Amino acid sequence: MYAWLWTIPALPLAGFLALALAGGRLSRRAGAAIGCGAAGLAAAIAIAIGIEFLASPPPGGAFAQQLWSWWQVGALRPGITLYLDPLSLVFTLVVTVVGFLIHIYSIGYMRGDEAYNRFFAYLNLFVGAMLMLVLGSNLVLLYLGWEGVGLCSYLLIGFWYRDPANGAAARKAFVVTRIGDTAMAIGLFLLFWQLGTLELPALLERAAGTWPVGSGLATATALLLLGGAVGKSAQLPLQTWLPDAMAGPTPVSALIHAATMVTAGVYLIARTHVIFSLAPFALWMVGIVGAVTLLLAGCSALVQTDIKRVLAYSTISQIGYMFLALGVGAWSAAVMHFMTHAFFKALLFMGAGAVILALHHEQEIGRMGGLWRRLPVTFWTFVIGGASLAALPLVTSGFYSKDWILWEAWLAGGAHRWLWAAGLAGAFLTALYTGRLVFLVFFGPERTAVSRPPGTAMRLPLVVLAALATVGGFVEIPATLGRLPLFSRFLAGTFGGGAHEQAYDAAHGAVHAAATGAAHATAHGHTAEALLQLLAVLVTLAGLGLAYWIFLRRRELSTRLATSGLGKGLSRFWLAGWGFDALYDALIVRPFVALARLNRADLFDQISRGLAGLARLAHGGLAATQTGRLALYAMGIVLGAIVAIAWMVWG
Amino acid sequence: MSAVPIMHGLLLASALFLLGLLGVLVRRNVIFMLMSVEIMLNAAGLAFVLAGARWGQPDGQVMFIFILVMAAAEVSVGLALVLRLYHQFKSLDSESARSLRG
Numbered sequence: 072m073y074a075w076l077w078t079i080p081a082l083p084l085a086g087f088l089a090l091a092l093a094g095g096r097l098s099r100r101a102g103a104a105i106g107c108g109a110a111g112l113a114a115a116i117a118i119a120i121g122i123e124f125l126a127s128p129p130p131g132g133a134f135a136q137q138l139w140s141w142w143q144v145g146a147l148r149p150g151i152t153l154y155l156d157p158l159s160l161v162f163t164l165v166v167t168v169v170g171f172l173i174h175i176y177s178i179g180y181m182r183g184d185e186a187y188n189r190f191f192a193y194l195n196l197f198v199g200a201m202l203m204l205v206l207g208s209n210l211v212l213l214y215l216g217w218e219g220v221g222l223c224s225y226l227l228i229g230f231w232y233r234d235p236a237n238g239a240a241a242r243k244a245f246v247v248t249r250i251g252d253t254a255m256a257i258g259l260f261l262l263f264w265q266l267g268t269l270e271l272p273a274l275l276e277r278a279a280g281t282w283p284v285g286s287g288l289a290t291a292t293a294l295l296l297l298g299g300a301v302g303k304s305a306q307l308p309l310q311t312w313l314p315d316a317m318a319g320p321t322p323v324s325a326l327i328h329a330a331t332m333v334t335a336g337v338y339l340i341a342r343t344h345v346i347f348s349l350a351p352f353a354l355w356m357v358g359i360v361g362a363v364t365l366l367l368a369g370c371s372a373l374v375q376t377d378i379k380r381v382l383a384y385s386t387i388s389q390i391g392y393m394f395l396a397l398g399v400g401a402w403s404a405a406v407m408h409f410m411t412h413a414f415f416k417a418l419l420f421m422g423a424g425a426v427i428l429a430l431h432h433e434q435e436i437g438r439m440g441g442l443w444r445r446l447p448v449t450f451w452t453f454v455i456g457g458a459s460l461a462a463l464p465l466v467t468s469g470f471y472s473k474d475w476i477l478w479e480a481w482l483a484g485g486a487h488r489w490l491w492a493a494g495l496a497g498a499f500l501t502a503l504y505t506g507r508l509v510f511l512v513f514f515g516p517e518r519t520a521v522s523r524p525p526g527t528a529m530r531l532p533l534v535v536l537a538a539l540a541t542v543g544g545f546v547e548i549p550a551t552l553g554r555l556p557l558f559s560r561f562l563a564g565t566f567g568g569g570a571h572e573q574a575y576d577a578a579h580g581a582v583h584a585a586a587t588g589a590a591h592a593t594a595h596g597h598t599a600e601a602l603l604q605l606l607a608v609l610v611t612l613a614g615l616g617l618a619y620w621i622f623l624r625r626r627e628l629s630t631r632l633a634t635s636g637l638g639k640g641l642s643r644f645w646l647a648g649w650g651f652d653a654l655y656d657a658l659i660v661r662p663f664v665a666l667a668r669l670n671r672a673d674l675f676d677q678i679s680r681g682l683a684g685l686a687r688l689a690h691g692g693l694a695a696t697q698t699g700r701l702a703l704y705a706m707g708i709v710l711g712a713i714v715a716i717a718w719m720v721w722g
Numbered sequence: 252m253s254a255v256p257i258m259h260g261l262l263l264a265s266a267l268f269l270l271g272l273l274g275v276l277v278r279r280n281v282i283f284m285l286m287s288v289e290i291m292l293n294a295a296g297l298a299f300v301l302a303g304a305r306w307g308q309p310d311g312q313v314m315f316i317f318i319l320v321m322a323a324a325e326v327s328v329g330l331a332l333v334l335r336l337y338h339q340f341k342s343l344d345s346e347s348a349r350s351l352r353g
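Top line first, the protein sequences correspond to chains A and B. Residue 722, in my numbering, is where the first sequence stops; the numbers in between run on with no holes. Residue 353, in my numbering, is where the second sequence stops; the numbers in between run on with no holes.
Chain B on its own, in the form it takes in the complex (with noise of 0.2 Å):
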């Protein structure tokens, strides 16, 4: 176990969240912006990973793979949402949703 200093582990984690965040911000096309939700997800993943090694615990593993089953779950309801989206507006535009407002 060579140390990778925590601190370039984190700031690695910060940059894919960041990344992903700014994906699901300024993209238009959904499926675009389930991919960046994965990025975040995975980022977040890669910090519970990065905190077990450094204290030695498996706890950090336990809540990756709790991540990866819900990210599992989410892509396919996501998708699900995308197809009904595709469906009813023939597009994959976010902006062609827009009729859903208060």
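Chain A on its own, in the form it takes in the complex (with noise of 0.2 Å):
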């Protein structure tokens, strides 16, 4: 079975190549089938393949396969290598997975559209850029799908491309990713000049061979790489693409703005591991990048009037998280985080979008409300992926994966429990302003008549996630409910079983033995882990408390806050998302165009007009001697003729 693992990506790119060739002549019912066949034979191969992972794991814990050279130049030889080891799994799972469910949604989402097969097209090529990136062997592979799946984003946010506002948002993510993934390249570039290598597990192995801990390259390249990874992931401080990106049709929120794509920056990072051990600094910048962008995006989530922008800050809010954990070193963690993210936020998302459909495309939550009886399955499902984003305890998946991170964010100690500290406020803020989207969308009175519910193409896909979003925390049972570390120790096969979960091991007083190791664990470190679970749970019940309090049973109360001097300050502050649009536009826009401006009559500009100039001229007096004259015409033959008669005889 491992030897299909190249169909995962091909069939993706197969279908895009078909689509986008004979898209035009194909039926929108051949032009989905396609699209969605493409995805879902992914899906189910890439499963098939999990399955085989975990049955009989290859040889070392990875698989890598080799289809070609791609190009060499001096000692860089990047082959078109896939590279299959637990974290690549997770992601490829994910990835096809939920892919292939929101293609399924796609078809009624989409339906009516007139570019319906463009839109498959572009969906499939995503997902064959994703997968390229997640399952390359080598960062320049990596990269390749780094930048297509940012080139899909572009084409997607901007699919709508007849309303140049959705045209401006498209590049406006483009251009800002761009500035993480030249920071990256030059990472790339460095990590080359000084191992020599962009094979990842040859380059892992030599870095850690090759640098002390703390080595100021390391370190320059770690953070090098964090920049690319803040770019695509969205965080402090090239966070400001994202809100806009929902510029895009919902499904591609859904796929692109929360589930994958924007998790690349974690991917990366946890790939490179290593080398951020190597450099604490950097890691330590990237769990500082994380908390404080957690709790900016909550705030900003906290206040968002249109349904799909609070979902696009909590989607950065909760890749705030991401890397928070990986900021103290807690991989699996933040790995096991974006696996629930990717279930709950595009059930969150798709819910969304069939809100948005019913209501005949209102996206202002302040005239929906009085739902949950008129759409019962978008309802309940919406509830159930906004309970896991709230960290409902117990019955989510966001619970086990959010609890997991505030514990080991606590475990690393010293100033990371500042950390600990912003991830549990944001914890409060994420409940807050969860409910608050529950509760002004679905209950309180009708104020938009349903048009259109959604079919079973939409609901299907919502079931599933909702059920994903529900038992996918159960892979990762915590020491306090019975200790059930299937995931961590999934992922210790690309991890390593490293410092941080044998600390967790070591404050449970437990064993570390690989697979059968039983669990003894202290009361000691029960008792303390139990405490911040606890302590969570509230947090996360007070948030929901609150908001069902000012946003349900006393709406005025909000309204009240929000007008107030204070408030209403703050609420636009928030609004505008801390004024950094403002902000860039007046520090680096605007000098920017204006240089540009200054610059329009530089030296090339002159050469070229200056060329246009000159053949214009002459046309002029070339054109001012065509009089019609014939014996004009003759005397200019006769001249020419003595002219050249006297260079051959005296020439």
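These are computed hints drawn from the structure, not numbers from a lab. Be aware that one or more of the hints could be misleading.
To be verified - Simulated restraints on C-beta separations: (1) A:Q697 - B:A254: 44 to 54 Å; (2) A:Q697 - B:H259: 56 to 66 Å; (3) A:A672 - B:L269: 31 to 41 Å; (4) B:Q308 - A:Q697: 16 to 26 Å; (5) A:Q697 - B:Y337: 16 to 26 Å; (6) B:A266 - A:L693: 26 to 36 Å; (7) A:Q697 - B:L263: 13 to 23 Å; (8) B:L269 - A:Y704: 10 to 20 Å; (9) A:L693 - B:A254: 43 to 53 Å; (10) A:A672 - B:S327: 55 to 65 Å; (11) B:Y337 - A:A672: 20 to 30 Å; (12) A:A672 - B:S342: 18 to 28 Å; (13) B:Y337 - A:R700: 13 to 23 Å; (14) B:L332 - A:A712: 14 to 24 Å.
As the list claims (entries may be wrong) - Chain A is faced by these chain B residues, among others (derived, beta-carbon under 7 Å): (15) S265; (16) L269; (17) L273; (18) R349.
Please read these numbers as outputs of a predicted model, since none were measured by experiment. Glycine residues also receive a C-beta, built at the ideal position from the N, C-alpha and C atoms.
Could you use the hints to bring the two separately framed chains together as a complex?
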């Protein structure tokens, strides 16, 4: 089965080629069949390979498939090589399965759109590029996928290109992420220059062997890679593109801007975790970026009035959690939160899409309400997704992953406790804005009539994802609830049961004996963890309760809060995303445009313009000689002949 | 083959050529311009014949016959053009065809 690995990225890419070349001539039904079929087959193969990976792991815990040599420049010989280890397997499974469900959903959501087949072509290209990103065995191939998903993001944000605002949003996303990509490219150059390879396993080995902990080069490369991750994952300070990216169709927001592409930064850092371990400062920066981002974005999510923008800021905030986890070295926890987040956030976006369609493209939550009776399936699945986002204890996947992150942050000790505090505050914010969203959209009085309830193609993915968002967390159950560390044990194949996992076990007094180790937890470790969990649960419930109180029971409270002097200013500030757009506009965009305007007549322009002027002048002169007088033409011939003869005789 | 000095012959040819050229440049009636071109062609032919006689080679006469044929072709095309011109502008004045300019 491993030999089939190449078909996982190849199928969606083939689907893209078919749809791109023949999409105009195919019927809509055929276009949807090709698009969904390619993604579905890839998902099926990924699941089969995943099962085999669990049943009989490849020797060495990883499987590499060399397809062909890509190109060769000096010592740089990147191959088209796929590399499957626990980390890439988790990402592959999530990308293909969630991607397939979103393809199905798109059949319903994009029904009636004129560019139906083009949409599926882009979606397939995206899935293919994303799989290249996670399966690439060298950083060059990873970078190819990285830029590929960036391109698809651009194409899909601007999918409805007739509205210039969508085009502007697409350009913004492209340019802002390109800033991060440039940093990442420089990081790759630095890695290759210093270590002489970009093949991932060899690279990480050499990095660990060459650089001492805290060395300047390790820190520099780690920070540059972090720059790339920050751009792609919409973290501070490059987060401004993601809320605007909501201009794209909702399935795109679910697939690219929630579940998969924006978590590529998490994947990159997890993939190169060895380098980050060598650079404690860079790792600390990762945690800081995550903590600050999750708080800022959480506040912004609290006051957004567009349902998709609430979810966009929530996505930024949740990726902040993943960065926070990476920052304390809890690689597995970050990947786990990626997985659960992909489930529940894709679910939430698709639920929001169903609501938007049902209300005839209404996105303002102020004009929604009372929908729980009208859209029961959407309501229940949305509540499940929301509960998971808010980390409702025990029954949701989000609880397990978020709790794990908080516990790891607490365990990291020292200044990392601040990260834990930020995470806890973020949990409160998350519960608050999730509660606000659910209460305003589905409860209260009905404000807009339902015109088009979602069809089967849209309901089915919702139900499947709701199930995944519920049970997805049971793969890693903390010690206080019976300790079932399947996920971390599985990912130990990539992260090598790192220091933090050992610390995790040490804190429980457990003996880490890979597969069979029975946990002998001490009462002390349990008590601390249980207390912290209780605290997190209380904070979550408090957030939900407060949301219930001010957004449903006493609606006038929230209105009064929002119209009071301080509240008004603060909510306007948060609505604008902490003013980052205005700041960048004044600091970078406007000076740049002014500079470009100033430089409009630079030297090179003068050269080309001078050539054009010369040609125009010569044209004018020659045209003036064409008078239509035969005698003048004859005179011209005579003079020319005289000059020619004179030149022959005396020249 | 008593000797007409070649210089005299060449002077005659040059005079004919210049006369023809002057005709082309100053006449406005296209028929006369065509005739002037014929004179120039014959001046060139005379120069070839003279040169052939001077060196006792047949090439000069070959060239003259060639020029004759060419002149015949030129006149036929030229007269056809003159006819079209006359139909178009009801005049033989070359200035009347000035609309053909850049």
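Taking the hints in turn, this is what the structure says about them:
1. A:Q697 - B:A254: 44 to 54 Å: Holds, since Q697 (chain A) and A254 (chain B) (Cβ atoms, about 49 Å apart) stay within the stated range.
2. A:Q697 - B:H259: 56 to 66 Å: violated (42 Å)
3. A:A672 - B:L269: 31 to 41 Å: violated (56 Å)
4. B:Q308 - A:Q697: 16 to 26 Å: violated (43 Å)
5. A:Q697 - B:Y337: 16 to 26 Å: holds (23 Å)
6. B:A266 - A:L693: 26 to 36 Å: holds (35 Å)
7. A:Q697 - B:L263: 13 to 23 Å: violated (37 Å)
8. B:L269 - A:Y704: 10 to 20 Å: Taking Cβ atoms as reference, L269 (chain B) and Y704 (chain A) lie about 19 Å apart, which means the hint holds.
9. A:L693 - B:A254: 43 to 53 Å: holds (50 Å)
10. A:A672 - B:S327: 55 to 65 Å: holds (59 Å)
11. B:Y337 - A:A672: 20 to 30 Å: violated (56 Å)
12. A:A672 - B:S342: 18 to 28 Å: violated (54 Å)
13. B:Y337 - A:R700: 13 to 23 Å: holds (19 Å)
14. B:L332 - A:A712: 14 to 24 Å: holds (22 Å)
15. S265: violated (13 Å)
16. L269: violated (11 Å)
17. L273: This hint is violated: L273 (chain B) lies away from chain A, its Cβ roughly 10 Å from the closest one there, beyond 7 Å.
18. R349: This hint holds: R349 (chain B) lies near chain A, its Cβ roughly 4 Å from the closest one there, short of 7 Å.
The structure is inconsistent with the numbered hints 2, 3, 4, 7, 11, 12, 15, 16, 17, although it conforms to all the rest.
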